[in-house]
Amino acid sequence: MTVATLLLLLAVGTAAGLDLVSGPQVLLARPFVAGTLSGLVLGDPLTGIVVGATLELYALEVLPVGATRYPDHGPGTVGAVWLGSTLSGAGALGVAVFAALVTAGIGTRSLLLLRRANGAAITRAEGALAAGTPGVLARLQVGGALRDLARSLAMTVVGLGVAALCRRFLPTQGPEAWRLSAVAIGAGAAGALVGAIRTAGRGPRLAVLTGGVAAGCVWTWLRATGGL
Amino acid sequence: MRGTTRALLRLFGVQAGWSFERMNGIGVGFAAEPLIEAEVPAGQRAAARARSAEFFNTHPWLAGLAVGAEVRAEADGVAGPQVERLRTALSSPLGALGDQVFWAGLIPALVALGVMGALRFGWPAVAGAVAAAVACRVAVTVWALRQGLASGLLVGRVVQGSWLPRAGRPLGFVAALLVGLAIPRIAAAALPATHAGAAPLVAGVALAGAALGLRLGARANAVRLGLGTLTLLLLWQAVS
Chain F
56 MTVATLLLLL
66 AVGTAAGLDL
76 VSGPQVLLAR
86 PFVAGTLSGL
96 VLGDPLTGIV
106 VGATLELYAL
116 EVLPVGATRY
126 PDHGPGTVGA
136 VWLGSTLSGA
146 GALGVAVFAA
156 LVTAGIGTRS
166 LLLLRRANGA
176 AITRAEGALA
186 AGTPGVLARL
196 QVGGALRDLA
206 RSLAMTVVGL
216 GVAALCRRFL
226 PTQGPEAWRL
236 SAVAIGAGAA
246 GALVGAIRTA
256 GRGPRLAVLT
266 GGVAAGCVWT
276 WLRATGGL
Chain L
5 MRGTTRALLR
15 LFGVQAGWSF
25 ERMNGIGVGF
35 AAEPLIEAEV
45 PAGQRAAARA
55 RSAEFFNTHP
65 WLAGLAVGAE
75 VRAEADGVAG
85 PQVERLRTAL
95 SSPLGALGDQ
105 VFWAGLIPAL
115 VALGVMGALR
125 FGWPAVAGAV
135 AAAVACRVAV
145 TVWALRQGLA
155 SGLLVGRVVQ
165 GSWLPRAGRP
175 LGFVAALLVG
185 LAIPRIAAAA
195 LPATHAGAAP
205 LVAGVALAGA
215 ALGLRLGARA
225 NAVRLGLGTL
235 TLLLLWQAVS
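Chains F and L are the protein sequences, given in the same order.
Okay, so the first sequence: first residue is 56 according to our numbering, each after it adds one.
Okay, so the second sequence: first residue is 5 according to our numbering, each after it adds one.
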């Protein structure tokens with residue numbers, strides 16, 4: 056990997072992390088976007104789309120509401136796409152997803168630390184805030200954004216590091232390796248289903264969701280059998 | 005109104021200072037600051053600035069409604085305690101509306117469309133989904149700040165009569181349909197084509213995992229399920 060490629064991957068992961076917390080929340084944090092961008096940087100957009108789409112199944116479980124704890128999938132997706140683009144074998148997707156999930160788990164913790172650091176900065180500025188001192192809000196807000204920038208960059212580095220370790224030590228080939236990828240997809244699909252069912256509730260929206268899944272299965276089957 | 009452009013730009017990063025203590029309060033105060041400087045009499049600015057940064061929790065896309073309404077009230081000379089009551093009254097309803105319309109409606113719908121488009125047409129579909137999200141974010145943020153600035157204390161009534169409360173239901177149906185369509189489509193696109201047993205294994209893990217997730221809640225979320233099952237498989241492969 057060239058230095059330019061590494062820098063671009065770090066930029067993609069950092070932008071994804073920032074969009075989740077500080078930024079405008081315009082899909083840049085979503086795995087399918089971070090994955091596609093990473094794939095384009097690496098000259099392998101197809102791997103980026105497939106890895107990103109698979110990780111999107113995991114992200115669809117999450118409603119990023121208020122103080123709830125949720126994983127940060129964006130930076131880990133960057134490492135996973137790099138891993139997927141360098142591996143071969145039927146288990147490559149499974150190992151890439153594994154690396155991304157490890158990073159996402161660490162990302163959950165990093166969000167907690169970020170919020171606590173923001174809280175500590177606010178506590179230190181309580182007097183100035185209560186007095187309405189000019190400039191204190193800018194200092195706190197910009198400080199929060201810079202902390203998030205550092206967190207997002209660090210999480211992308213962690214993601215690439217985890218991916219490098221997985222590349223070194225985990226098998227992607229062999230007669231049973233395909234199970235890794237199948238289980239990674241299945242667990243993600245479970246998460247997406249759970250998230251969609253919880254959001255839908257028990258009303259007519261659940262019926263629409265069920266109809267959508269059924270139609271998606273038929274569509275997929277028709278495509279697979281050449282009917283579409 | 006002077007300061008509106010700076011306030012708008014700041015609203016796009018309203019969550020940067022998010023904390024458990026004040027949630028969006030710092031971001032809302034930061035976004036309100038240019039408007040307070042421009043519209044509130046000098047002697048009242050410090051108190052207005054302090055009030056604007058108190059605890060506040062809302063949806064980031066709709067924070068402009070609160071910022072605008074609060075600044076309008078401060079500029080009109082509304083008493084401090086009444087401004088605080090306005091903030092309290094707006095916080096939870098705006099958060100709930102935003103979650104319903106955007107987090108549970110528009111965003112999953114755009115994600116599902118974007119992913120299915122990407123699997124069919126490649127990266128241009130991803131660019132299209134992001135462009136649509138940006139366009140919606142800009143439009144909603146501009147609308148929210150304008151409505152808040154125009155209505156002040158009456159912002160609740162204005163929101164009730166607007167498109168916002170009516171958008172959640174149809175967007176929810178669209179999102180449910182598109183996410184439903186996307187799940188099998190993504191699974192099929194990512195499926196290892198080399199083994200006949202892959203599809204049944206994916207379906208089995210998906211259904212068992214979903215049942216477990218619905219029964220156990222966050223304790224059995226997808227990340228834990230994926231990590232747990234993949235770790236077991238890797239260990240099994242290493243042993244066998």
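By construction, these hints were calculated from the structure, which means they are not laboratory data.
Wrong hints could be hidden among the right ones.
Derived CB-CB ranges, DEER-like [to be verified]:
(1) L:W240 / F:A59: 39 to 49 Å
(2) L:R219 / F:E181: 38 to 48 Å
(3) F:W276 / L:V142: 34 to 44 Å
From a predicted model like this one, the values you see are computed outputs, not experimental measurements.
The beta-carbon is built from N, C-alpha and C at its ideal position, and this holds for glycine as well.
Each hint tested on the structure:
1. L:W240 / F:A59: 39 to 49 Å: 40 Å, holds
2. L:R219 / F:E181: 38 to 48 Å: Holds: the Cβ-Cβ distance is about 44 Å, inside 38 to 48 Å.
3. F:W276 / L:V142: 34 to 44 Å: 40 Å, holds
Violation of the numbered hints given earlier is absent; every hint is satisfied by the structure.
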